[in-house]
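Visitor: All chains, full assembly: derive it from the sequences and hints.
78 is the number that the numbering used here gives to position 70 of the sequence shown; each next residue is one higher, with no gaps.
If you are wondering where the hints come from, they were derived from the structure by calculation, not from laboratory data. All values reported here derive from a predicted model rather than from experimental measurement. There may be inaccurate statements among the hints.
Subject to a maximum C-alpha distance of 27 angstroms in a straight line, what follows is the list of computed BS3-like cross-link-like pairs (lysine-lysine) [what the hints assert, rightly or not]:
1. Lys66 - Lys131
2. Lys254 - Lys66
3. Lys267 - Lys182
4. Lys140 - Lys34
5. Lys195 - Lys49
6. Lys168 - Lys225
7. Lys225 - Lys296
8. Lys140 - Lys52
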Amino acid sequence: MGILVTGASGFVGSNLLNHPLFENEKLVTHSHSEDNLIEIKLSKVETVIHLAGISVLKKEEKQIKFFNVNSDYTKFVFEKSIACGIKHFIFISSIKALGDTDGFISNEFRVTPIDAYGKSKLKAEEFILNFKSDEIKVSIIRPVLIYGKGVKGNLLNLMKLLDKNLPLPFYNIKNKRSILSINNLVKLIYHIYVNRIECQINAADLNTINTSELVGKFKHHLNSRSIIFSLPYIFHLILRFIAKSKYDKLFSSSYIDPKESYLSIGFTPLRDTDTEIIEMIKYYKKNKLI
9 MGILVTGASG FVGSNLLNHP LFENEKLVTH SHSEDNLIEI KLSKVETVIH LAGISVLKKE
69 EKQIKFFNVN SDYTKFVFEK SIACGIKHFI FISSIKALGD TDGFISNEFR VTPIDAYGKS
129 KLKAEEFILN FKSDEIKVSI IRPVLIYGKG VKGNLLNLMK LLDKNLPLPF YNIKNKRSIL
189 SINNLVKLIY HIYVNRIECQ INAADLNTIN TSELVGKFKH HLNSRSIIFS LPYIFHLILR
249 FIAKSKYDKL FSSSYIDPKE SYLSIGFTPL RDTDTEIIEM IKYYKKNKLI
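Guide: Right, dumping it as structure tokens:
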């Protein structure tokens, strides 16, 4: 039997579909526009990998869309999966479902998420865990910030700025961040799938990085001439006051230690962070995602 993959056209989905680990698997893709066919598709598979979701809104979109897509649509797919006798449901949630903190996030860490994105992912998790049955295995993966070939969002914007040799205020930032390469995420999904592991796991690369190191690696491999300067303290205070969420993404710490969790399921990451960053930038330079 095969695997139904939702959100197959997204960043994670497109990488999963083209990854060597899945090349011999029977993959059936599904999008929201094909919901009238979902029961037919589910009858042909035993596993669902639910990737469909949104993490960023367009300017004209309202916060409720996070719940429409991340919560309600997950509920819809999970209910259909139970009704059609699916054996294993793998849900890609987010570390944001555990809440926000400036520092270390342990496996036991739980606070109420602050933003709508985190709340919508938590709501989806709660529904799945409350309504699962003994007939279906459930695996929940909570990735930190994902990077890799074809990445979008803030990391793509950072590469573009460095590629244009613009000055950036990221010198001597001593925070600590966890990130996760797309290859390591896909391998983790495959490991959980092929071994039928039921789990809730927070996922990241084994090593952490700070913002200055990340910008430095990007600058080096892009051959950028950008000047990296230090932002005066008063500007840190102002930025944190007027745009705390965006400020925290750049300057605060947020990291996990996945080693114990990986050991508990017998998982070893595929690639190290430096290698993955190099591959991502090579892909960017080749494709010039502008």
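Visitor: It remains to establish, for every hint, whether it holds in the given structure.
Guide: A quick look at each hint next to the structure:
Pair hint Lys66 plus Lys131 holds up; C-alpha atoms about 22 angstroms apart against a cutoff of 27 angstroms. For a cut-off of 27 angstroms, the pair hint linking Lys254 to Lys66 stands: about 16 angstroms separates their Cα positions. Restraint check for Lys267 and Lys182: satisfied, since their Cα atoms lie roughly 23 angstroms apart, inside the 27 angstroms limit. Proximity of Lys140 to Lys34 is assessed by CA-CA distance (about 25 angstroms); at most 27 angstroms being required, the pair is judged to hold.
A distance of roughly 24 angstroms separates the Cα atoms of Lys195 and Lys49; the hinted pair therefore holds under the 27 angstroms criterion. Distance restraint check for Lys168 and Lys225: the Cα-Cα separation of roughly 14 angstroms lies within the 27 angstroms cut-off, and the hinted pair is therefore satisfied. Of the pairs offered as hints, the one joining Lys225 and Lys296 holds, with about 18 angstroms between alpha carbons and a cut-off of 27 angstroms not exceeded. Between Lys140 and Lys52 the alpha-carbon distance is near 21 angstroms, which keeps this suggested pair within the 27 angstroms criterion.
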